[in-house]
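Asks: With chain A's structure known, arrange chains B, C and D on it following the hints.
Protein chains in written order, with the numbering used here: chain A, 1 to 298; chain B, 1 to 188; chain C, 1 to 103; chain D, 1 to 699.
Treat each hint with caution, since some may be false.
Claimed, not checked - Residues from chain A that face chain D, not an exhaustive set, calculated with beta carbons under 7 Å: (1) Ala37; (2) Arg44; (3) Pro264.
The hints are simulated quantities; they were obtained by calculation from the structure and are not laboratory data. Here the structure is a predicted model, which is why all the values come from computation and not from measurement. Where a beta carbon is used, it is the ideal one built from N, C-alpha and C, also for glycine.
The chain contents come next:
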Amino acid sequence: MTVALVLLTLLVGAWLLAVIEAWLTTGRLRPVAPLLAGLSHLGRESILARKPDRLFFETAPVLLLVVAVLGAAVLPLAPDLVIADLATGALFLNAVLAYVLVSLIMAGWGPNGAYAMVGGWRFLGQLIAYSMLIVMPITATAMRAESLLNSAIVESQAGLWNIVYQPLGFVLFFIAAIALAFRSPFDLPTAPGELAGGVDAEYTGVRLAVLRLARLVMVITLSAATTVFFLGGWQGPLLPPWAWSLIKTLAVAVSMLLVGFYLPRIREADLLGWCWKLGIPLALLNILIVGLLILVVP
Amino acid sequence: MVVQAFFVGVFGLAAIGFGVAVFRTASMVRSALALLFSQAAVGCMFLAMQAEFLGVLQIMMMATEMSIMAIFMVMFMMDPGGLGGMDMSHQKRFSIGAGAIAAATAISVALFSDWGPIVAEAPDAAMQTRELGFEMLGRSMLVFETAAITILTAMIAATAVAIPVRQPGVDTGKLDKGNGDKEQEASK
Amino acid sequence: MTPVLILALLTGAILFGVGIYGALSQTNLVMIMMGVELILAGALVNLVAFWRFLHPEVYAGQMFVLVVMTVMAVEMAVGFGVAIARFRAKGSVEMEEAGDLKG
Amino acid sequence: MSEAATTLAGARKGRPSILRRWVGQALARNLSCLVVPGPEVALAHGLDLAAADMRIAATPRDATVLLIVGELSQKLDEATAVLYAQMPRPRAILVLGGSAPSSLPQADVSADLSQTELMEAATRLQRLLAEGAFAASPDDFDSSILQTKTEYVCPMHPEVVEDEPGSCPKCGMDLVAREAGGDSDAGEHDENRGHEHHEHHHDHKHESEGHDHHHAHHNDHGQSHERHHGHHQNHKHAHDHEQHQGDDDHEHAHCHEHEDHQGQDHGHQQEPAQEQSGTEYICPMHPEVVRSEPGRCPKCGMDLEPHKPGEDESVKEDVSEHDHEHHHDHSGHDHDGHDHSDHDHDHDHDHDHDHDHDHDSSGFMSMVEVTKDLPRSADGLAMDWLEVPFGPCFPGLPGGLKLTLTLDGDGVTEGQATSLVAMNTSSEEVAVETFIERLAAAMPLAPVSYRLLACRAIEQAAGLEPDPAVERGRAAALERERIASHLGWLAQLGRQLSFVWLTRRAAALQLETQRADREQLVALRPALQSLIARLEHTPLLKARLKGIGALPHGSQDLRGTVARASGRTEDARQADAMYRELGFEMRAESAGDAWARLRQRHVEIMTSLDLVEVAGDPELPKLRAIDNPSGTGEATVETPRGRATLRLTQERGQVVSVELDSACSQHIGLVADLVEGQELGDALVAVGSLDLSPWEVTS
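Okay, chain A solo, but in the shape it has when bound (with noise of 0.2 Å):
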C-alpha cells in the first residue's frame, strides 16, 4: 500500500512536472502532452547504436529510473508513510544518488558514440563538483535531528524549519540537487547545445521513454528530500500531512524547472571551481554554525 501510494506520488509528480516543462518551452498548457509523447515514444523504433555495450545501453536507463525510485522509497511523506525509514536514511539517500553517476557512465559508455561519451565522462567532473555539498548540508540536518532517519530530521523541524535554521545549507543543498539530477543550467552531460544530446543522444524509442520519465522523477525525488531536510516535510497547518509533503515537493520541484528556465548553462570549469572554492568553504562553515547553534541554544 505505501509502496503504491509512494509510486503514485512519484508518477502524477513526474507528469505535473513535465506539463509545466513543456508549458515553460512551448508556451502552451497541454495537460495530456506528456501522456501522448510517453505513448508515441512506445509507437516509435528503438535504435542500437552499432557495435554498442549493449549491457550498459540496456541497463543504464532502468538503473537511473531505479536509482530515483529508491531515493524516494526511504523519505517520509507523512509520518507513517514511507516504504522504509531506515535507521541510516539520511545516508542512504547520498548512496543511491551516487549511482546516478554510474547510470550516466553506462549511458555514455553503451551506446559508442562520441557525444554520449563526453556527457557520461563530464558528469564524473560534475560530481566532483556536486557531490560534497550533497553530502554536508544533509550532514548539518543530520546533526540538528542527532539521527540519520529521515522521519527524526523532518521532527527535529517541528520549531523551526531548518531553511531558516540553516539557510546556507538549504541554498547549497538546492543548487547541488539542480546539478545531481543534471537539469539546466547543470545539464553538462546532455547539453543540447553542445553535444546534441549527450548520453540522451543514442537512445530512442522505449529507451528513451524510460530515460526521460526517470530524469523526471529524479527531480521530483530531490524535491522531496529538499523538504524532507529542509522544509520541515509534512508539517503545516490545517491540511493533513501528504498534502503538505505533495505541496511543498512540487513547489521545489517547479523552482528547480524554473531556474534552469532563466539560467544559460554553466562552463563546466567555472562550476568545479566554484564548488569547491566557494561552495565546500560555505558548506563547512555551515557545519560550523550549526554545531556552535546546537551547543549555544539548547
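Replies: The following block gives chains B, C and D in isolation, referenced to the frame of chain A:
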C-alpha cells in the same frame, strides 16, 4: 537466521562472481563496473549482517571510487574497449597458484578455528549508529583523526605527484579528491 | 549462527584469493589496484562478520572497518597519483615496462 | 504530391491495429521536428513552429518530422539524407518552399514558405501520421548516399588505397578494409574511421575512445544508421532487421568482405607462428638476456617471455622508424617485405614456438610504444584525440555550418569550419531581376541586405544617382533586418546554452520585428530594452561569455559586429551620406570577446531602432527603372554580419560577372584560431559568437 544465511550467501556469491568478472572481461569500463558491483555486493552483505551503517557507507563510497577507477582505466589502458582481445596479464600460473593457496589457507583457518560462542542478536541499527558515533569521537578519537589526516595527506600528496612540473593550473589529480571528505562527513 | 559466520568468512577468503590472483597476474597498474581493492574487500567482509557474530557490543570492530575503508580510499588516491605521474613521464603504467621501479 | 497517399513514406512496419492507431494519434499530436538547415532559418523566414504545434528536436533520434526549409545545396542535401536515415520510424518529411531533396524519398507533405501554409501543412501531416504511421510493408529508404564503398588501405602507408583486397606494394602488408562512402577527407583520419578490426594496434591507439572507431562516422550527422546496419547484421538484433531489411540487403556484399578481413586479421594474431622463422625468449626487464629456451632470467628471476625476432627493434633501438612499431608486436609475417638487415637482432634462428607458455608474446603490447606517438594534451598526458564532426545541422551551431573538431577529452585541440551551403558566384548570365531574386533567396538569414546590395550595384552600373527618398526606406528596411538578425542570434545563443527563456523571448521578438512597420517597431522598444537589460544582468551569462572567443592579435579584415566588438571603427554606414543625415553614430565595445559581441549587438539593436524611427517606414528594396542596362557597378552594404561588397558587370540587362566579398567569408577563417585549446563548450560559444551565416560564405 536462515534468511540471513541466504542473503549473506547470495550477496557473497554475487561479490565473488563480479570479482572474478573484473579480470575476465576485456572491456575496461566493464571491468571497473564489475568491481563496483562486487564491492556493492559486499556492502549488501554488511546489510545482511545487520551492519547497516557500514553497508550503506560501503555502497556509497564505492560508487564514486569505482567510477573514478573507470575513467583511469580508460585513460591508461591500451585497449579500453577490449576489441583487440589482447591479454593483459602475466605470470598467470603463478598468480592462480598464489591466489588459490591464499584462499585455501584463509578457508581452512575459517573452517578449523574455534570461533567461540556466537552472539545471536545484534544491536538495532539506530543504536549501532549512535554507539559508533560515541566510539569514534570517544575512545577511538585518535584513530579517527589519524585516518582523517592520512586521507588529507594522501589527497595532497597524490595531487602533488600528479600535477605536471612547472605547469600550474591543470590538475588531473583533482579527480582523486572526494572520497575522504565524504567518509568523514558521513560518519558524523 | 556459526554457519552464517563461516559463510561470510568463506566469501571473504575467496574474495581475498581472487584479489591476490588479480594483483599478481595483471600487468597494468590500475588493474593491480583493482586486485588490491578486492583483497581489502575480503578483509572487510571478515571484519564485519567478526564484529557481528563474535563481539557486536565492541564498536571498535566497526571502527576498524572504517579505517580499512579509509585505507582503500588512500590507496586509490595515491595509486592514481602515481599512475598519472608515471604515465606523464613514461607514457605507460604497464608493470612489464616498469623495470626502473625495481628496488 | 502525396496528399492522396494514406501511409507515410517512412512508416514503421506493423499491421494497423487499435493500439497502433492510438500510437499514431499520439505521434500526430506530438510532432517533433528536425529542422533543416536549422531553426534559425525557419525563424528568418518568419515561421513560428511553436504556433503550428511543433517542437524542435535537437537530434534526428528524437525527431518524427524532417522539416526542410527552402532549397538545399547539393552537399546539404546529402547530409540531410543521412539525417533522415538516422530518424527512428515512423518518420515523415515536410518540405516548405523548394523542391524535395533528390536523395530523399518523396515529401509526405509539401507547402510554401509561409506561416499559414505551415499551419495547414502541419494539420495535413498530423492526419497522415495518425492514419499512416504503420504500414504492413513500408517502403525502404535507399539512397546512393548511404551506400558504403569499401576500399582497401595499407595501415602503414595511407597513400596506398586500392579497390581490391591484397597486399601493399610498398611494404607487403595486407590491406585492410575501410568505408569510403562520402568522406572526402577519410584518408587523413583513417584511424577514426570505419574499420573496426583493421589491426590490433589501432584499437590500442584509442585509449579514451577505444571501443570503437566509428565515433566520427557515427556521430556525424552526416552518417547513417542504415549504413551501420550492415554491421548490425553481423552482430545482432533481429528487430532492426525487419525494419531495415532493404537497407541490409544492399550491404551484404560489403559486409562479407569486411568480415572476411577481420577473420584474416585475427588469424594473424592468433597464430603468429604460422610463417614464423622462430622464437626467442627474453627477459622483459633485461633486454640483453636472450635465450632460445623458456626459463627464468638469470638476473631477476622473472619468467622469460617468448619473443619473435624482429619484433622489438622499435622498442629499444629503432626510434626513428616508428612508422611501423605497432606492427612489430603483432605478426611477424607482416614484415616479409621489410629489410631488417640493419638491425642487430639475429633473425635466422629457428626455434620452436612454445604454445604452452602462458604468456604469448603476440598478446603483449608495449604501452610505451603505443603512447609514444600519441599527441600530448594540454596537461602533458598522452591521450587519443578524436575527430568529431559538429554539424551541418547541429543544434548549437548555425545550420549548414560544419565544424570539425579534434577532441581531446572535453577539450578542443584543433578545428576548422566549412560551409555546406556556400554561395557559388560563378554564375551564368541571368537577367538582372532574376539575379536580385536569386541573390536574396541564396541568403536566407539576410535577404533584404543582399537584395539591397544587388539593387545598388545594378543601379550604380546603370549610372543612377541615389534617390534620397528611396534610400530612406531602404535604410529602414536594412536596419529592421539588422534588429531581427541580432534577435535571431540571441535565440540561437539561447539554444546553444539551453537558455530557454532567451530562446523563446528573442524568437518571439524576431518574428514580430520582421514584418513590422515603423510604428510597430517603435512600440517594440520597451520590450527590446527590457530583454537587453535583463540579459546584461542574467547571472552566469557573463561568466559564460566573458573572455571566450577573444581574437588573436592582429586578426585581419574583421568586419561588422565582430570588428566593432573589438574596438575597431569598421562600419560601412559611416561613409553613407544617408546615414549621416539620419544621425548615425557608431559605438563600439573594446574587449573583443563573446561578451563584448553580445553587448555590441545589444547596442546595435537600439541604434538600429533609433535609425528606423528617424528614417520612416521600411520599404523592401526594389530595382529602380534603369535606362542604361550595361556597365560595371560596385556597391557596399553593412549587412547584419558586416560589410559586404558586390561588384558586377551587366550587359543589355544580363548580369554577366559577379564578385561578392562578404563578412562571413572572412570570419569563417577565424574559427580555427578561436577553438584551439578551448574547452568544447567554450569553443562552440566562441564559434557561435561570430554569428556566421554559412550562406554568405563565397566559395
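Asks: Quick check: which numbered hints come out false for this structure?
Replies: none
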